[in-house]
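Peer 1: Residue numbers (the working numbering), protein chains in the order written: chain A, 1 to 460; chain B, 1001 to 1153; chain C, 2001 to 2407.
Simulated from the structure, these hints should not be mistaken for laboratory data.
Taking lysine-lysine pairs in the DSSO-like style, the calculated list, with each CA pair at most 27 Å apart, reads:
#1 B:1110 - C:2126
#2 A:117 - A:85
#3 C:2328 - C:2126
#4 B:1110 - C:2091
All values derive from a computational prediction rather than experimental measurement.
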Amino acid sequence: MTIVSRPWQRLSPAGRVLLPLAAVAGGLGVVFLGGVSSGILPNLWSWVYEALNDNVPLLRFIVAATAVLLFTVPTAFVIIFLEMKVIALQNLRLGPNRQGPWGVLASTLHGFKVLAKEDFTPTGADVPVFTLAPVVVYLASVMSFLVIPFAPGLFAQDMNLALLYFFAVGGLGVVGLMMAGWSSFNKYSLLGALRAAAQIISYEIPLTLSVVGVILLAGTLSLNTIVHQQAGTFLDWYVFRQPLAFVIFFIAATAEGNRTPFDLTEADSEIVAGFATEYSGMRFGFFFFAEYVNVFILSALTVTLFLGGWNAPLDLTPVWQALGAHPGAIDLSGLGVGLLIAVLVVPPILTVLLALPFWMLFTRLRFWQALVIGFLCFNALAGAAVLIWAAFSFDAVMGLLWFLGKTYVFVVIFVWMRATLPRVRIDQLMGFAWKWLLPASLANLFVTALAILIIAQVRG
Amino acid sequence: MAHVADVMRTLHDDPGLRFELLADLCGVDTGTAMEVVYHLWSAGTRDWLRVVATGLSREDPRAPSVTFLWRGAEWAEREAYDMFGIVFEGNRDLRRIYMPPDYRSFPLRKDFLLPDDASRSPGEGVRPMEAAPEPAVLAGTPADVRRAREASR
Amino acid sequence: MTSPETKVRSLDDPSVFVDTPATIYDAIPPYPPRTEREAEFYTLREGEMLINIGPQHPSTHGVLRVVLKIDGERIVDLDPVLGYLHRGVEKICENSDWHMVISHCDPLEYIASMFSEYVPVLAAEKLLDVTVPRRAEYIRVLACELNRISSHALFMGWLALDLGGITPILYGFLERDEIVEMLAALTGQRLLFNYMRIGGVNGDLNHEFMSRLGDWMSHALRHIEDSMTLINSNEIFVGRTRGLGRIDRQTALRMCLSGPPLRATGIPYDVRRAHPYSVYPELEFEIPTREEGDSYARYLLHLDEIKQSIHIIDQVLHRLPDGPVMAKLPRLLRPRPGRAWAAIESPRGQYGVYAMSDGTDQPFRLRIHDPSFFNLQAVGLLTPGHLIADIMAIMASLDPIMGGVDK
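Make the full structure from the sequences, and use the hints.
Peer 2: Rendered as structure tokens:
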């Protein structure tokens, strides 16, 4: 028993997290003070600063990629929770309602549970391929995130080949699925993987072809430009000019994302879990995440291409100008030291003020419990205030809100379809893709091109 | 015994009788002989008929199969074979249906006394615990001690 | 006479895991084929693969193991392996009292256990020449029809679940829950009722049962029809089930089918009309049939049967006489030596019991003829040629319950 392990055993779990953190913070503080006092740190800092300054584009890319990667995780959590809750409500039951208010922490806790599971590879599996398959699938989903325009100015990369890049990278998911199915040493997985490959490859063609109409209308492959071209009112959105393409795209996107009614790759009433039968723990978590990130991406793409991206349905610029919104409209720096005092003094006062009604009305609450509730309410109020300030100062915030709102409408439509529709068979699925969607998208393309030519002739 | 098949065919085909629905096929062990009992239903006369093919020996019961008339009787005959040991000649698929493939006994016979017979099934079954332990292994177990105490009393 | 000496290689054997060839995980059994059919099935041609839809599976209706021989996605042949739920009920019944038989036969068709209890009781009553009081007969019909509706509601949800729709089963369970609560008020149990007794039923109707029944009857048909509109005309559901697993009349008779699979082919054979028992001769109801014989027809037939059952319950409630619910019988039952065959119409088909009594208080032979056992044979006939996804549709539409298949 060393001098460390005995006290360590007596710590509570919270203590076991906080103590190392405190130790690290203390160590960093010591290093910092030492560095500053001896003069090493400023030199180091100026060198680092210069290096960063010289490579701003690279830095921007790294930050963007990291942000995108980190954004996918909460997105997946939110969509998983939405799926559980919305399907439950449609099934006339409640869904998760015990973890957090209305069960919102359910998917987060599922994520932690998945991390804690045993990580094994089945006997006879091809271990390197088995391990890399979920990575490839997740990578394909995340890489497509790089080109989605969330708001004016808020995008990871603005390539002028963005749409082409998107479809190219989206096709990588098939490789990951095949790797998963083949390396699992299981006939069910193989069947599921082959079904998945056949399905995704067949539906990529109508997916891409239906988008060509939009490309013709916009004149560019860059998603950012496509969204800019849909500015104005909602009648400028491409969904009204390309309704057939929208329908084809949505159906093909459902099939690409392996969602019901085209979810026979993971049909759990036939081939247990398809390609992911032998996966458990975080490996399965990767597949799971990748599927929901895919749902988000496909909805985001639908919104970007057909529903105006981050554009509001009506042109709200007169409204904002009338309200006086522009960068610097609410100038908080003018408060000077008053801002510091406000930040230090207002939260406790507001917390107590908001806690008092709860403490007075509910006699079973003790004061500290009421304080907690008051703190939560204060957080909500402060969040709303910050949102309003941001909406006034940056038009990116409103754009982001519109974009996320529209995307989540489509996410809920995907979840709704899962709750209500049964599954199609593989031959019906392939027949539908090749005999109906492909000719329809070709016809759409033809008509669009013809229309553009005619209109151009008529105009000039 | 061979005329069971003819009787069945007559009952099935004869336009006056037309017993086209086989309601049940089962084996019976009467203690002295084995029987195969068929229940037939006729749409024509709307009547049930029970045909008892009796007199099969208990050591080597054989009966002709009626799967040429009713393909659905296949599994019923498999069950009669599995439970009694009655071999239906003409059934293409006479293997055990309920018991594991290496099971040695026929459970519904009157001389099958649980649990002794089950423990005498071969030990190379799917689970090693099906192996009957040697009497020496039982020495020292609570049952053995109790038996010894009873015997000495 | 006995099967050839077989040595089954066990996966518990430690030597098996050294240099394991992949073939140990194959579905081919490690002993030589015992019959002609087994040899034919387990000989694989070029490009064929054996896949095992194992006993643990979300969609085999219970523990059923099916070995499929597939060529790509198309099924070439099918071999169901039964016995995973075999409990030796017939042997147990030979060693138990005539009354105890009811509890043993209960879990055979566990979804519709009123029926699986009713038949041995009917057979015993034939051997005892007991007149069951009319009130008891009417209550029996009431309980059986309620159980039939709950079983059909579950069937329809189950069929949709196997096809991928996750909502209809919960709607089916809503109906089933109401009925099952009703029956729990009557019998004390929600699933395995133990309600039928030789000579009557266990207890009379009570207020809670009648009030729940009244509440339920007021909205029953409307609710069920509403719930099922989700899938009745759903393009995908109809496309998956129409034309699938089509049986014609001759094949149905040859396969000894009974119940909805038989009536969906057009043969109006219903034991309640063909060989009436209980008070069914006094009740007016039709026998719904359909002509097509495919899965969709079987599904719609179940919906029709629910309507007929509600009609029957209506009539029973109007005609319910007063009187005792149990005949006067000695506690120790010794039926006369003899044989009796009793059959009723359960939700799955003709449920029959062949009882032989030797004058003692234990049955000499109690043979239980379960409809699921014979209906399940049709799976082997109908599936070859279809895709893997269709097995579930076919099997679910034949509505087997493994408790009855395996006894």
